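**Student:** Protein chains in written order, with this note's numbering: chain C, 1 to 112; chain Y, 1 to 116.
Treat the hints as calculated values from the structure; they're not laboratory data. Take the hints with a grain of salt, since some may be wrong.
Said to hold, decoys possible - Calculated cross-link-like contacts (lysine to any residue; reagent style SDA-like; alpha-carbon spacing at most 20 Å):
id, chain 1, residue 1, chain 2, residue 2
1, Y, K41, C, V28
2, C, K99, Y, K20
3, Y, K20, Y, G53
4, C, K99, C, V28
5, Y, K20, C, V28
6, Y, K20, Y, T100
These numbers come from a predicted model, not from an experiment.
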Amino acid sequence: TQLLEQSPQFLSIQEGENLTVYCNSSSVFSSLQWYRQEPGEGPVLLVTVVTGGEVKKLKRLTFQFGDARKDSSLHITAAQPGDTGLYLCAGAEGGATNKLIFGTGTLLAVQP
Amino acid sequence: GAVVSQHPSWVICKSGTSVKIECRSLDFQATTMFWYRQFPKQSLMLMATSNEGSKATYEQGVEKDKFLINHASLTLSTLTVTSAHPEDSSFYICSAQALTSTDTQYFGPGTRLTVL
C-alpha cells in the first residue's frame, strides 16, 4: 500500500510568517497534486507537478517535486488568514485508472 | 467548466436505513468517477473506483455490499450506503475524471452523512 506522509500535521502561525509543508513517500508517482480544502467543502486543486525537480509558483505558494518523484514540498510566503485550511498532497498512480493516493494532510491556521 | 455536483449536500438518517448519494458531472463526460470518505480533520480515503457501464472496483477493506455504487451514465454515479449505522457517519466526496483529460480529477462539494 502506497503511503504519503505529510508533515507537520498541524500548524498554527501568525499572519506574515513563512511555512513549508512536506509530503513524503517511498513510492514513485507519475505526478503529484496539491489541494486545499475548507471545512464542509471538497478539495480544490492548487497545482500538479509532473517532472522530477520541477518547481511551480502560484503567487505566494511555491511547489517543488523531488528529483526522484517520491516527495514534494509546499512553501507559503507571508501567510495570510485566507490561507487557512487543510492542505493535501496526492500522488497519481498513473496507468489506466490513475488513482490518487492522498497524503495524511496538514491543517494550517493563520492567525491575524 | 468542469463542475461536479453532489446531492444531497447533507443528510441525516436513522440507523438501519439506506441512503443514496448522487455525483454528477455537469458540463463534461466522465468515464471514471471516484468515491472517497473523510473523517473530521483527516485526509480523504479512496473507497472505490466507478467506471461507466461496469462494476466498481473497491479498495481493500471497503464492503461492496454495504456501499453500492452504480455508474449508469457518463455523467452520473451513485453511492448507496445500505443499512447505515452511526459509524458510517462521515463526509463522502466524489470526483470525476474527464474523458479528454485523464490526469485530472474534479471534486464534488461533498455530502455530510449523519446516522442517528
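**Student:** Work down the list of hints and note, for each, if the structure agrees.
**Tutor:** Going down the list of hints, with the structure as the test:
At roughly 26 Å between alpha-carbon atoms, K41(Y) and V28(C) are farther apart than 20 Å, so this suggested pair is violated. Of the supplied pair hints, the one linking K99(C) and K20(Y) is violated, its CA atoms being roughly 23 Å apart against a limit of 20 Å. With a CA separation close to 19 Å, the supplied pair K20(Y) and G53(Y) stays within the 20 Å bound. Our distance criterion of 20 Å between C-alpha atoms is met by K99(C) and V28(C), whose separation comes to about 13 Å.
Proximity of K20(Y) to V28(C) is assessed by CA-CA distance (about 36 Å); at most 20 Å being required, the pair is judged violated. In summary, the hint linking K20(Y) to T100(Y) is not supported, as the alpha carbons are separated by about 28 Å, beyond the 20 Å threshold.
When the structure is compared with the earlier hints, violations turn up for hints 1, 2, 5, 6 and for no others.
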